[in-house]
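Protein chains: 2
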Amino acid sequence: MNNFNLDALAQRFRRPQYTVEDYVKGILSGDRSILSQAITLIESHLEKHQQIAQQIIERCLPHSGRSLRVGITGSPGVGKSTFIENFGLEIIQKRQKLAVLAIDPSSQVSGGSILGDKTRMQLLSVENQVFIRPSPAGKTLGGVAQKTRETIILCEAAGFELILVETVGVGQSETMVQSMVDFFMLLLLPNAGDDLQGIKRGVMEMADLVVINKADGEAILSAKLAQRQAANGLHLFPAKASGWTAQAVLASAIEKKGLSEIHQILQKYQSQTQQSGFFAQQRAQQSRYWLHQSIQQKLQAAFYQNTAVYNNLINLEQKVESGEVSPFYAAELLLNQFLSK
Amino acid sequence: MNNFNLDALAQRFRRPQYTVEDYVKGILSGDRSILSQAITLIESHLEKHQQIAQQIIERCLPHSGRSLRVGITGSPGVGKSTFIENFGLEIIQKRQKLAVLAIDPSSQVSGGSILGDKTRMQLLSVENQVFIRPSPAGKTLGGVAQKTRETIILCEAAGFELILVETVGVGQSETMVQSMVDFFMLLLLPNAGDDLQGIKRGVMEMADLVVINKADGEAILSAKLAQRQAANGLHLFPAKASGWTAQAVLASAIEKKGLSEIHQILQKYQSQTQQSGFFAQQRAQQSRYWLHQSIQQKLQAAFYQNTAVYNNLINLEQKVESGEVSPFYAAELLLNQFLSK
Numbered sequence: 030m031n032n033f034n035l036d037a038l039a040q041r042f043r044r045p046q047y048t049v050e051d052y053v054k055g056i057l058s059g060d061r062s063i064l065s066q067a068i069t070l071i072e073s074h075l076e077k078h079q080q081i082a083q084q085i086i087e088r089c090l091p092h093s094g095r096s097l098r099v100g101i102t103g104s105p106g107v108g109k110s111t112f113i114e115n116f117g118l119e120i121i122q123k124r125q126k127l128a129v130l131a132i133d134p135s136s137q138v139s140g141g142s143i144l145g146d147k148t149r150m151q152l153l154s155v156e157n158q159v160f161i162r163p164s165p166a167g168k169t170l171g172g173v174a175q176k177t178r179e180t181i182i183l184c185e186a187a188g189f190e191l192i193l194v195e196t197v198g199v200g201q202s203e204t205m206v207q208s209m210v211d212f213f214m215l216l217l218l219p220n221a222g223d224d225l226q227g228i229k230r231g232v233m234e235m236a237d238l239v240v241i242n243k244a245d246g247e248a249i250l251s252a253k254l255a256q257r258q259a260a261n262g263l264h265l266f267p268a269k270a271s272g273w274t275a276q277a278v279l280a281s282a283i284e285k286k287g288l289s290e291i292h293q294i295l296q297k298y299q300s301q302t303q304q305s306g307f308f309a310q311q312r313a314q315q316s317r318y319w320l321h322q323s324i325q326q327k328l329q330a331a332f333y334q335n336t337a338v339y340n341n342l343i344n345l346e347q348k349v350e351s352g353e354v355s356p357f358y359a360a361e362l363l364l365n366q367f368l369s370k
Numbered sequence: 030m031n032n033f034n035l036d037a038l039a040q041r042f043r044r045p046q047y048t049v050e051d052y053v054k055g056i057l058s059g060d061r062s063i064l065s066q067a068i069t070l071i072e073s074h075l076e077k078h079q080q081i082a083q084q085i086i087e088r089c090l091p092h093s094g095r096s097l098r099v100g101i102t103g104s105p106g107v108g109k110s111t112f113i114e115n116f117g118l119e120i121i122q123k124r125q126k127l128a129v130l131a132i133d134p135s136s137q138v139s140g141g142s143i144l145g146d147k148t149r150m151q152l153l154s155v156e157n158q159v160f161i162r163p164s165p166a167g168k169t170l171g172g173v174a175q176k177t178r179e180t181i182i183l184c185e186a187a188g189f190e191l192i193l194v195e196t197v198g199v200g201q202s203e204t205m206v207q208s209m210v211d212f213f214m215l216l217l218l219p220n221a222g223d224d225l226q227g228i229k230r231g232v233m234e235m236a237d238l239v240v241i242n243k244a245d246g247e248a249i250l251s252a253k254l255a256q257r258q259a260a261n262g263l264h265l266f267p268a269k270a271s272g273w274t275a276q277a278v279l280a281s282a283i284e285k286k287g288l289s290e291i292h293q294i295l296q297k298y299q300s301q302t303q304q305s306g307f308f309a310q311q312r313a314q315q316s317r318y319w320l321h322q323s324i325q326q327k328l329q330a331a332f333y334q335n336t337a338v339y340n341n342l343i344n345l346e347q348k349v350e351s352g353e354v355s356p357f358y359a360a361e362l363l364l365n366q367f368l369s370k
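In order, the protein sequence lines correspond to chains S and H.
All the letters of the first sequence, read from the start, carry residue numbers 30 to 370 under our numbering.
All the letters of the second sequence, read from the start, carry residue numbers 30 to 370 under our numbering.
Treat the hints with caution; some may be incorrect.
Taking lysine to aspartate or glutamate pairs in the EDC-like style, the calculated list, with each CA pair at most 20 angstroms apart, reads [as the list claims (entries may be wrong)]:
id, chain 1, residue 1, chain 2, residue 2
1, S, K327, H, E87
2, S, K77, H, E361
3, H, K77, S, E361
4, H, K77, H, E87
5, H, K327, S, E190
6, S, K327, H, E361
7, S, K285, S, E346
8, H, K327, S, E346
9, S, K348, H, E87
10, H, K348, S, E87
11, S, K297, S, E87
To be clear, the hints were calculated from the coordinates, so they are not data collected in a lab.
Next comes chain S alone, as it looks inside the complex (with noise of 0.2 angstroms):
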């Protein structure tokens, strides 16, 4: 009697199969498990989820960039997941759509750190208003902040009107981070210093608002200290191609003040930036600067994917190593092997 059909159990919990038209409705009615499921697709190795992945972009295109999309860094202990917390919960109070993603750039590996954790951000992932979404793991920065911005289209399609993109205060992450945003939030602590706590001059400069985050307490006069000479430093900057000025504002995201300003300068800034029609023109070059890096990443990827020519630098590099040819003409020699194919 023991008929046991284990093909039968794992087809009841096996996903079901979505077409391309089911994953794109899902999308644009807002479901948000299909549209974590195209999500998956997109952060897929595989070549089959990957075509699956670019059609449901490509669809979903039309419907999305009616988002605002902000950049949110600053260092460990700055205390960003509670702000983006008490912020979000700010935000879907003022009835928008909230979605958080992040870019870590430690997710090389390991899928990283940054909202991996699912014990963060208990209250704003259970509310209906809000999708949220961890860095997606990969090969490479690039390879992963481009998944990201593919995944932007499908939130902006399933109609999230705020799109936080989190990640941390090294440099190399905040530049990918600003190629996909409209607007650059950098949180810091209450600790006066010239040296920024360890936050690169480079970061600084991208920021549209700086904000003094856990001001409160005893923290309130360092607190105002550091926006003082956080502002002092904004001022050092060349003006904004944005038309933007650049601001330090108080926040304490425990004590929830200070977030329904910055909720109001964001969206002084979209008004502002849409109304001059640089929103629109920062859009269409960093579409362009992703076309160009994207072809940068395809060529790489078929030039080392292309078993021949694999085989052939192997040999070459060893010869490169010991002297015996230069970098160049190896490399020139590859080239030619790869282009006659």
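Let chain S serve as the given structure and place chain H on it in line with the hints.
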């Protein structure tokens, strides 16, 4: 009677047409004029010049590698020219042949300023044992760096035993220089200060030696303070893979103080890392790095120089900017077109 022959006249003043054989023989015999003309071929954008240059490089390669390659950087005003001139005179007194090259990130358009000024290093430039070459011009920093790396091979084949590669303290160019030198030297002014005179932390971390220059006259005390601060700073970085401990020393290029000691430090580094095997290991790694850099450059050149692809790119770029097509799909279309050839 006016049978004045322009062609014959032009012929007389035309440069001799050397064969690859001539170039190689000239370089190996240490002929600085032929070396200089061969470098001009390396720097040329003409395909036929590039072809001859590559042949010369491959022929010189077995005779290269026997120098110490030293990167040297510092903010404008630190006195790099005077330092290199007087340090160079010290080197040739020790009967070493010296080549001075440069990588100038600002040379991408105009040919740059580093070493470009003929009035610089007047004492050094007349010496027979010395070869000075300004930064090559190029469209990209990577391209400029590649030409410099090729130039190093020819200089080594011509018997130059110490090769100084000069750059300015802006970060990106240092990374390029570090990928082609054995030893990295950072010049600082005797101004103590937390901000390290605008030198990025990453540049400081690369340094095998920090030289507090202009440590003369009334600046001696502040120079000693700067030395102590730099030493403390160096101490905080993780141990180097080379096993070498970076140090900070005082020098006065004008008073010719500390220069002999710096030369001794270089020699100590060379013998220590050659014994440990790190010297050869680092060069092998650098060659490998340049192979992959070169592959990347050539892939992109082949792609963007393909006329049919380029015409399609112009068209798709507009569609990407207007949001009709996603950058990723446009890249896919272009790659398929490029690779189907």
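* Mind listing which of the numbered hints don't hold for this structure, in increasing order? => Failing hints, ascending: 1, 5, 7 and 11.
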